[in-house]
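Novice: Sequence:
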Amino acid sequence: MTQAQSPFAALTPGTITALDKSAEYSQSWHQWSEPEIDALTLAYAAGRPLLVRGEPGTGKTQLARAAAQVLDWKLHAETIHPRFEPHELRFRFDAVKRLADAQAQAGGKGAEALDERRYWCPGVLWKAYGWSSALRFLPNVEGIAEPKGHVVLIDEIDKADSDLPNSLLEVLAQRSFHVEPVAEPIGGENVQLPLVVITTNEERDLPAAFLRRCIVLSLAPDAGYAAWLVSRGKAHFGVLEGVKGRDQALLHDDVLWKAAEQLVKDRDAVASLNLSKPGLAEYLDLLYALHTLFKAEADAAVRTEAQIKWLARLSAYGYLKHSVDNPNSPAHQNTQAGERRNAADKEPS
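Numbering (my numbering), first residue to last: 71 to 419.
Hints in this document: simulated from the structure, not taken from any laboratory. Just so you know, not all the hints are guaranteed correct.
Unchecked claim - Here are the simulated BS3-like pairs of lysine-lysine, each with C-alpha atoms no more than 25 Å apart in a straight line: (1) 229 <-> 347; (2) 416 <-> 335; (3) 91 <-> 304.
Let the hints inform the model, and build the full structure from the sequences given.
Specialist: So this is what it looks like as structure tokens:
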């Protein structure tokens, strides 16, 4: 069978990609699924943005990091908030600082023109479509090599109103835009298209015209949520061939499964109250804590026993985060924490 000409098509489901530590992110690992591989292959080949849907904690943001790692392209990330303005994807302009500098200059003896580069900050689209011009407005760029390409992550686009996706759609369609301090257009027909990954938690419906222009991937756990969690847990704490320090598992499978099974119970408890459910992020937080607390214990059996006992003591605080009034509810944090702690204390040492 002929191999498709895409870096993603060469991946196989279950492959684990190590994600490098950066100023913004800690080191992590991404386990590839077939839907992720296929959707990214289509977005890459079609030159369309990839919209990733799914509940919090399913790895939507991490997918963009993994894509940048596979492509060896530079990642530019922006997290959207309710007051985010559409132009901020292209640029930010610090008018307050410029006014203050202008007033200070007027009150002094200097007559030098203000350096406009101090007040313009390139956004993720400017960096991706016009890296060379953006460099003039970025601090500490000495020695930064020209990236092979750019991945743009626009995280939680559903936090903004419809003006933002509509504005983004216009830029992606035209593949160029103007910014005041730069004479030439940013982008153009000859610019290598970035890979744009957009995430949504489905808190707000996105415009139909925007959806039509996107490749859409709905991330949902496979059948058997506990098994899905454990497979992700193994990417972080299991054996990884060729990775320093991962020739042996960092956490025993019993720890991974007990943490996953407790999460499934707690998801069902809060779902029955129509509350947002804990997911992969909470699961990994608990596992990282258990690894950190007992990594100095050399005896593997003793370590695993202690981790399982403390898993029972700590899980309610990591999984049950909502305020629930009924103390008899399985979603009531204090009650559950006490019951799990008592059960753990009764376990034979």
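Novice: For each hint, tell me whether it holds in the structure or not.
Specialist: Status of each hint after checking the structure:
In summary, the hint linking residue 229 to residue 347 is supported, as the alpha carbons are separated by about 19 Å, within the 25 Å threshold. For the hint pairing residue 416 with residue 335, the CA-to-CA distance comes to about 21 Å; that is within 25 Å, so the pair holds. For the hint linking residue 91 to residue 304, the alpha-carbon distance of about 19 Å falls within 25 Å, and the restraint holds.
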